[in-house]
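2 protein chains.
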Amino acid sequence: MKDLYVKNLPVGIFDSGVGGLTVFKEIRRFLPKENLIYVGDLARVPYGSKSPGLVRKFSLQIASFLNSLGIKSLVVACNTSSATSLELLKRRFSFPVIGVIEPSVEEALKEGRRIGIIATPTTIKSGAYQKAILKKAPEAEVIAFPAPLLVPLVEEGWIEDPITLQVLKRYLSPFKEKGVDTLILGCTHYPLLRDMISKEMGEEVRLVDSATSTAYRLKQLLSRLGLEGGEGREEFFLTDDPERFHNLAVLFLGRKITNVKVIDLEEENER
Amino acid sequence: MKDLYVKNLPVGIFDSGVGGLTVFKEIRRFLPKENLIYVGDLARVPYGSKSPGLVRKFSLQIASFLNSLGIKSLVVACNTSSATSLELLKRRFSFPVIGVIEPSVEEALKEGRRIGIIATPTTIKSGAYQKAILKKAPEAEVIAFPAPLLVPLVEEGWIEDPITLQVLKRYLSPFKEKGVDTLILGCTHYPLLRDMISKEMGEEVRLVDSATSTAYRLKQLLSRLGLEGGEGREEFFLTDDPERFHNLAVLFLGRKITNVKVIDLEEENER
Chain A
1085 MKDLYVKNLP VGIFDSGVGG LTVFKEIRRF LPKENLIYVG DLARVPYGSK
1135 SPGLVRKFSL QIASFLNSLG IKSLVVACNT SSATSLELLK RRFSFPVIGV
1185 IEPSVEEALK EGRRIGIIAT PTTIKSGAYQ KAILKKAPEA EVIAFPAPLL
1235 VPLVEEGWIE DPITLQVLKR YLSPFKEKGV DTLILGCTHY PLLRDMISKE
1285 MGEEVRLVDS ATSTAYRLKQ LLSRLGLEGG EGREEFFLTD DPERFHNLAV
1335 LFLGRKITNV KVIDLEEENE R
Chain B
1085 MKDLYVKNLP VGIFDSGVGG LTVFKEIRRF LPKENLIYVG DLARVPYGSK
1135 SPGLVRKFSL QIASFLNSLG IKSLVVACNT SSATSLELLK RRFSFPVIGV
1185 IEPSVEEALK EGRRIGIIAT PTTIKSGAYQ KAILKKAPEA EVIAFPAPLL
1235 VPLVEEGWIE DPITLQVLKR YLSPFKEKGV DTLILGCTHY PLLRDMISKE
1285 MGEEVRLVDS ATSTAYRLKQ LLSRLGLEGG EGREEFFLTD DPERFHNLAV
1335 LFLGRKITNV KVIDLEEENE R
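Just so you know, the sequences run in chain order A and B.
Quick note: the first sequence uses our numbering, first residue 1085, plus one each step.
Quick note: the second sequence uses our numbering, first residue 1085, plus one each step.
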């Protein structure tokens, strides 16, 4: 009976905002039956330009909230959180915790040797991608640059837009100059710009995003632990009013979202 | 003695982040002797795309913190906070509270009749500028549009940049089409783009920003209440690590900042 109870617990997924829905979408594709709970920290988004210590605090608050609801596994669907907080969350909780960095790095190293990483300033500064690559492939060449404007551009809905193309040209030029063979899209917003990035980098450059590889990793993990279960339920918790979330959710998830609740993590933590 | 004590209390100034430093700069210019305390909520910046209720909560937390330190007056140097929270703060505290909207509107109406407002989405949606204008000048024509990308562009340091010019051209075109005679820069980040905006709008369009008019309003208020005083002290409280703040502060204030402390407003509120 205990086993069935645990199997039917949801998988927790969180992000600073809407970006993690690209990961949610892939998880749903790979695991149609699992119960999923998503937390988007719209009250404090974005994380990518905030300090590592603060991102760790926010991540811990969210994971504690999900822990209080009861989850069987946690997916940190935010690159900045994964880069700064994954080890802390793994130490702190008994359920398995998956970040988005390891799966991307593994995917990138399948063929890549000269690997570019484009991500938020805090993710790049953390060095988490760089370290993960060099740990597995000390001979790899790593080129990392931040791209702070891509998140606001995607959230403004300026996709397939000439201005966004100009911004991409500027951010991508150092990667082109260095001749990367693989480019990791190190932020969950960037898959929405994938076509434009691919056109700009050229077809010979492999683009790796964390959504698919992380979802696949979760599927493997649940299978290995015999934890598959659920009835396909979905629940969304947001830390700010979801009006804007609903429009963006359609952009990221390709469909409307129901069953949304607004929570106050500061109050949750005082309980 | 009581009087002297109150006169020497600092003026509190707050913003969601660094933008309010444009107001701080003008206050320092008009009132070189006043003691000033600045709070920048870098942990939760930006406010401009968050819900009005959440911005009210954040604004109240900051004002309560400043109240606990002791201030003789409060300047809400953030348009989004002023648009959503000014009435609440005025009701809640006994010290006089000044926002950035009223002073701008008064300045705009000196000559303007067809008035444009460019600001963050939450400021525009609040209707605060529109209402303030129509209350004073029911015959005025008001044209308001949001410009969510300008804050990230300024914070990326892309000022006098061809990409920023393209973004401005897009955001400013409805104001040009409607033939505004005055444009209110309804966000404390926008004065840094003033020259570009002026070039794009044409010299005949008057640009109004809140920094100067708000600082002048504060000077009048302190004089009227006989509250002038101080020794020119400055103190800065930030809700996140100031590394990024220091670089941006030079951009906004034109000089380096010292005497910076990092605070946790959630913990402050529990005391």
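In short, the hints are calculated from the structure, not lab data.
Check before you lean on any hint, since a few could be wrong.
No copy labels: a pair is met if it fits in one copy or bridges any two.
To be verified - Mimicking SDA-like on lysine to any residue, the simulated pairs with C-alpha atoms at most 25 Å apart in a straight line are:
| id | residue 1 | residue 2 |
| --- | --- | --- |
| 1 | 1194 | 1316 |
| 2 | 1194 | 1317 |
| 3 | 1215 | 1195 |
| 4 | 1283 | 1314 |
| 5 | 1262 | 1317 |
| 6 | 1262 | 1330 |
| 7 | 1215 | 1325 |
| 8 | 1209 | 1314 |
| 9 | 1219 | 1280 |
| 10 | 1253 | 1242 |
| 11 | 1141 | 1265 |
| 12 | 1209 | 1335 |
| message | Please list, smallest to largest, the hint numbers that this structure does not respect. | response | 1, 2, 4, 5, 6, 8, 9 and 11
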